[in-house]
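One-letter residues, chain by chain:
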Amino acid sequence: MTRYLIRRLISVLPTLIGVTFVIFMFQRLIPGDPAVAMLGEHATEENVARIREQFGLNHPLLLDRDALKEGDWAAFFDSQYLRYLGRLIRFDLGNSIHRRIPVTETLFLRFPATVELALLSMLIAVMVGVPVGITSAARRNSVLDSVSMIGSLIGVSMPIFWLGLMEIMLFAVFLQWLPSGGRLSTGVEVKAITNLILVDSLLTGNIEGFVDALKHIAMPTIALATIPMAIIARMTRSSMLDVLQEDYIRTAHAKGLAEQLVLFRHALKNALLPVVTIIGLQTGILMAGAVLTETIFSWPGIGKWVYDAILGRDYPIVQGGTLLIAIIFVAFNLLVDLSYAYLDPRIHYD
Amino acid sequence: MAEITPEEIGLTDFALREHRSLWYDAWRRMISSNTARLGMFIVAVFALSTVYAHYFWTYDPKTDLDYSLKLKAPNLAPTEEIDSAHLFGTDKLGRDIFRRVVHGGWNSLRVGFVAVGISLSIGGLLGLLAGFFESMPLSSREHILLHSLIGAIFSLLSAWIANQYFQVVLLAGLGSVAAVYNRFMAGKSARVLLFSLAGAVLSGASALLVSPYVSLVCAVLGAIVGAILSLPLGGQFLSSTIMRAMDIILSFPGYLLAIAIVAFLGPGLEKGMIAIGVVGIPVYARLARSVVLSVMQKEYILAAVSVGEGHGRILFRHVVPNILSPIIVQTTMGLASAILSAAALGFLGLGAIPPEPEWGAMLGDSYRYLTSGAWWAVVFPGVAIMLSVLGFNLLGDGLRDALDPKLRI
Numbered sequence: 001m002t003r004y005l006i007r008r009l010i011s012v013l014p015t016l017i018g019v020t021f022v023i024f025m026f027q028r029l030i031p032g033d034p035a036v037a038m039l040g041e042h043a044t045e046e047n048v049a050r051i052r053e054q055f056g057l058n059h060p061l062l063l064d065r066d067a068l069k070e071g072d073w074a075a076f077f078d079s080q081y082l083r084y085l086g087r088l089i090r091f092d093l094g095n096s097i098h099r100r101i102p103v104t105e106t107l108f109l110r111f112p113a114t115v116e117l118a119l120l121s122m123l124i125a126v127m128v129g130v131p132v133g134i135t136s137a138a139r140r141n142s143v144l145d146s147v148s149m150i151g152s153l154i155g156v157s158m159p160i161f162w163l164g165l166m167e168i169m170l171f172a173v174f175l176q177w178l179p180s181g182g183r184l185s186t187g188v189e190v191k192a193i194t195n196l197i198l199v200d201s202l203l204t205g206n207i208e209g210f211v212d213a214l215k216h217i218a219m220p221t222i223a224l225a226t227i228p229m230a231i232i233a234r235m236t237r238s239s240m241l242d243v244l245q246e247d248y249i250r251t252a253h254a255k256g257l258a259e260q261l262v263l264f265r266h267a268l269k270n271a272l273l274p275v276v277t278i279i280g281l282q283t284g285i286l287m288a289g290a291v292l293t294e295t296i297f298s299w300p301g302i303g304k305w306v307y308d309a310i311l312g313r314d315y316p317i318v319q320g321g322t323l324l325i326a327i328i329f330v331a332f333n334l335l336v337d338l339s340y341a342y343l344d345p346r347i348h349y350d
Numbered sequence: 351m352a353e354i355t356p357e358e359i360g361l362t363d364f365a366l367r368e369h370r371s372l373w374y375d376a377w378r379r380m381i382s383s384n385t386a387r388l389g390m391f392i393v394a395v396f397a398l399s400t401v402y403a404h405y406f407w408t409y410d411p412k413t414d415l416d417y418s419l420k421l422k423a424p425n426l427a428p429t430e431e432i433d434s435a436h437l438f439g440t441d442k443l444g445r446d447i448f449r450r451v452v453h454g455g456w457n458s459l460r461v462g463f464v465a466v467g468i469s470l471s472i473g474g475l476l477g478l479l480a481g482f483f484e485s486m487p488l489s490s491r492e493h494i495l496l497h498s499l500i501g502a503i504f505s506l507l508s509a510w511i512a513n514q515y516f517q518v519v520l521l522a523g524l525g526s527v528a529a530v531y532n533r534f535m536a537g538k539s540a541r542v543l544l545f546s547l548a549g550a551v552l553s554g555a556s557a558l559l560v561s562p563y564v565s566l567v568c569a570v571l572g573a574i575v576g577a578i579l580s581l582p583l584g585g586q587f588l589s590s591t592i593m594r595a596m597d598i599i600l601s602f603p604g605y606l607l608a609i610a611i612v613a614f615l616g617p618g619l620e621k622g623m624i625a626i627g628v629v630g631i632p633v634y635a636r637l638a639r640s641v642v643l644s645v646m647q648k649e650y651i652l653a654a655v656s657v658g659e660g661h662g663r664i665l666f667r668h669v670v671p672n673i674l675s676p677i678i679v680q681t682t683m684g685l686a687s688a689i690l691s692a693a694a695l696g697f698l699g700l701g702a703i704p705p706e707p708e709w710g711a712m713l714g715d716s717y718r719y720l721t722s723g724a725w726w727a728v729v730f731p732g733v734a735i736m737l738s739v740l741g742f743n744l745l746g747d748g749l750r751d752a753l754d755p756k757l758r759i
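Protein chains in written order, with the numbering used here: chain A, 1 to 350; chain B, 351 to 759.
Just chain A, same shape as in the assembly (with noise of 0.2 Å):
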């Protein structure tokens, strides 16, 4: 097991240095200096070289081959690329452009909007999708499995920008019973500790605060939701349609087991483990950032603030911002792998 994990993770790392290189690369390419979109156009000369100067926009994008020829080595690896990966390696992701802050600080921010928002709607999503695919292959081609089906066929090919902007219209215009965007209301105030919201006013004892946060969060878990929660179903269904057919379930009926028994302790076990990895898989989707769910409910996650970034070409953000992002979601296809070996037995891994 210890040697597998070690082969995966550094199987992982090729992936990882091609996606540096595709970051870094990507925001070089667009079009428009960066120096000049800090300062508007109408910047002298002078003040356009001195912060290429102070970002270390003047030098090379991957290795200078002219200073080569003149036996330079210290400026022949001084290059844009090299310098990112060693600032990289110190956990410096640079500062924004715009803010001058640091990306980090804005990082630990915003992440924990995204995790909260993407665990609130997974939870929600399996509490929903797992029973409902359950009930569907038990009582197949019923009445109540041809509507969940078409239903979760709905919800995969629903527009989930759409869908939150119908929930705005329903519940934020027409009732008015839940505020139509951000993560709380003005003049609520919750004591920072680990930045999810929820947690930290319940931590608190904060219950006015926990009251408000949930109100903020309610409608886009539920938009964010919709499109796994029908995932999951179908998958749930189908792995469980597979396993019902299987010998030992006939042998179990067969033995007059009850059917709940059956179908929880026979079936369901063994049809978990194409969901778990779709869940997993989902997660990793989630936790990367909703852009849409984000800009149309103003929820300060990193999706929207990369998607701003890359708009405003503020480089270290987006460089920042996608470097976790295309970690998390290769951390999670790692972490699918590896729960293959606890969830079924008959896998090995030497």
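A hint or two may mislead.
Using C-beta positions, here's what the derived DEER-type ranges look like [stated by the list, open to error]:
(1) B:Asp-410 with A:Gly-151: 37 to 47 Å
(2) A:Pro-60 with B:Ser-471: 28 to 38 Å
(3) A:Val-143 with B:Lys-648: 40 to 50 Å
(4) B:Lys-648 with A:Val-147: 35 to 45 Å
(5) A:Thr-204 with B:Ala-394: 50 to 60 Å
(6) B:Lys-648 with A:Ser-11: 21 to 31 Å
(7) A:Leu-61 with B:Gly-660: 40 to 50 Å
(8) B:Trp-377 with A:Ser-185: 33 to 43 Å
(9) B:Tyr-515 with A:Pro-60: 11 to 21 Å
(10) B:Pro-704 with A:Ile-6: 51 to 61 Å
(11) B:Leu-437 with A:Leu-61: 19 to 29 Å
Some chain A residues judged to face chain B by a derived CB distance under 8 Å, without partners named [to be verified]:
(12) Thr-15
(13) Val-19
(14) Val-22
(15) Gly-71
(16) Pro-102
(17) Leu-153
(18) Val-156
(19) Met-169
(20) Val-291
(21) Val-306
(22) Ile-325
(23) Ala-326
(24) Phe-329
If we take Cβ atoms under 10 Å as the criterion, some of the chain A residues that face chain B in the derived model are [to be verified]:
(25) Ile-150
(26) Ile-160
(27) Tyr-307
(28) Val-330
Think of the hints as simulated: they come from the structure by calculation, not from any bench. All C-beta atoms in this analysis are idealised placements derived from N, C-alpha and C, irrespective of residue type, glycine included.
Position chain B relative to chain A; hints supplied.
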């Protein structure tokens, strides 16, 4: 003794049965399923109405503007206040939303089709190659091609440093030499040493023309390339390289990658097609590879190999026809998700350039007016997106059941 025919005893000989092709069978299964029929109906309605509107119902978005009709609620018949009927109401510029939804379909569906075309052609081809050569030994000509390609690609760095692009040709040549003499001292470290020396000399000597320092760096890089070329690299290497590249694309969440690509290329419908197409490449590559791998285990492939058929013929006569079913299903579902992504890009203002009608962009234009109660400007384009995506998903589901009842993707 009287002769007994199979019909008399109620037996039908399989050879006597009417011949039906796989596709005809699939078609019959499909039209007997309610969901597939519904999917076909929805897709047909959207396809016909948008094509009809595009060719026969003239609409010029540039001149469509009437402030007197700004944000009017849907009315089914002309009233005293408004002298024309607006089934879906009007938007912030007084434009008829029904008209724009129907015309927007042309753009939204077009993005879907072109994007899927890009992902399918590039991803499908890469996956096909990866899967095929992972389980098929390379012929000697393919070995030469692969090694020259590796030599050329890996020598790019040293060629760039020395600014001498003929190095690429030199090391591609070294690659083909390594492929031709692949038995020479095979498996011995002397072979690695020999080829890395050759690589070092080729790169280093040519870089001497520039400067001794450059020559040193190029010699080291050349030695590494030479060492790689000396290894018995085959289809496995090709396959894992392709799949690693796909992993890199997959490490970015789809929307973010598409947004980044559009930011790079600039907004516009065509750029959106490219962005969504690129994001979809790994999906098709992975699917094609895994299906090809299972097809390659079949006896008919072994038979084709043993009668001496060439690789190209095996690939296109035996492999491609047998992977079509899952690819067709994925393409249909892919159309659904491409339409969704196109709408998302449009919503973020990165798709169609206004005033061109497109469902996502129409939503993005109007959602600010939701708070003032103009629900119709948001509801109808969204319903169009959802229904068209649902149509393709239903069709994909039906196709999957019809083409391969055991298949689940």
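Status of the hints after comparison with the structure:
| no. | hint | in the structure |
| --- | --- | --- |
| 1 | B:Asp-410 with A:Gly-151: 37 to 47 Å | holds (41 Å) |
| 2 | A:Pro-60 with B:Ser-471: 28 to 38 Å | holds (36 Å) |
| 3 | A:Val-143 with B:Lys-648: 40 to 50 Å | holds (41 Å) |
| 4 | B:Lys-648 with A:Val-147: 35 to 45 Å | holds (40 Å) |
| 5 | A:Thr-204 with B:Ala-394: 50 to 60 Å | holds (58 Å) |
| 6 | B:Lys-648 with A:Ser-11: 21 to 31 Å | holds (29 Å) |
| 7 | A:Leu-61 with B:Gly-660: 40 to 50 Å | holds (44 Å) |
| 8 | B:Trp-377 with A:Ser-185: 33 to 43 Å | violated (58 Å) |
| 9 | B:Tyr-515 with A:Pro-60: 11 to 21 Å | holds (18 Å) |
| 10 | B:Pro-704 with A:Ile-6: 51 to 61 Å | holds (53 Å) |
| 11 | B:Leu-437 with A:Leu-61: 19 to 29 Å | violated (55 Å) |
| 12 | Thr-15 | holds (5 Å) |
| 13 | Val-19 | holds (5 Å) |
| 14 | Val-22 | holds (6 Å) |
| 15 | Gly-71 | holds (4 Å) |
| 16 | Pro-102 | violated (22 Å) |
| 17 | Leu-153 | holds (6 Å) |
| 18 | Val-156 | holds (6 Å) |
| 19 | Met-169 | holds (5 Å) |
| 20 | Val-291 | holds (5 Å) |
| 21 | Val-306 | holds (6 Å) |
| 22 | Ile-325 | holds (6 Å) |
| 23 | Ala-326 | holds (4 Å) |
| 24 | Phe-329 | holds (5 Å) |
| 25 | Ile-150 | holds (8 Å) |
| 26 | Ile-160 | holds (9 Å) |
| 27 | Tyr-307 | holds (6 Å) |
| 28 | Val-330 | holds (5 Å) |
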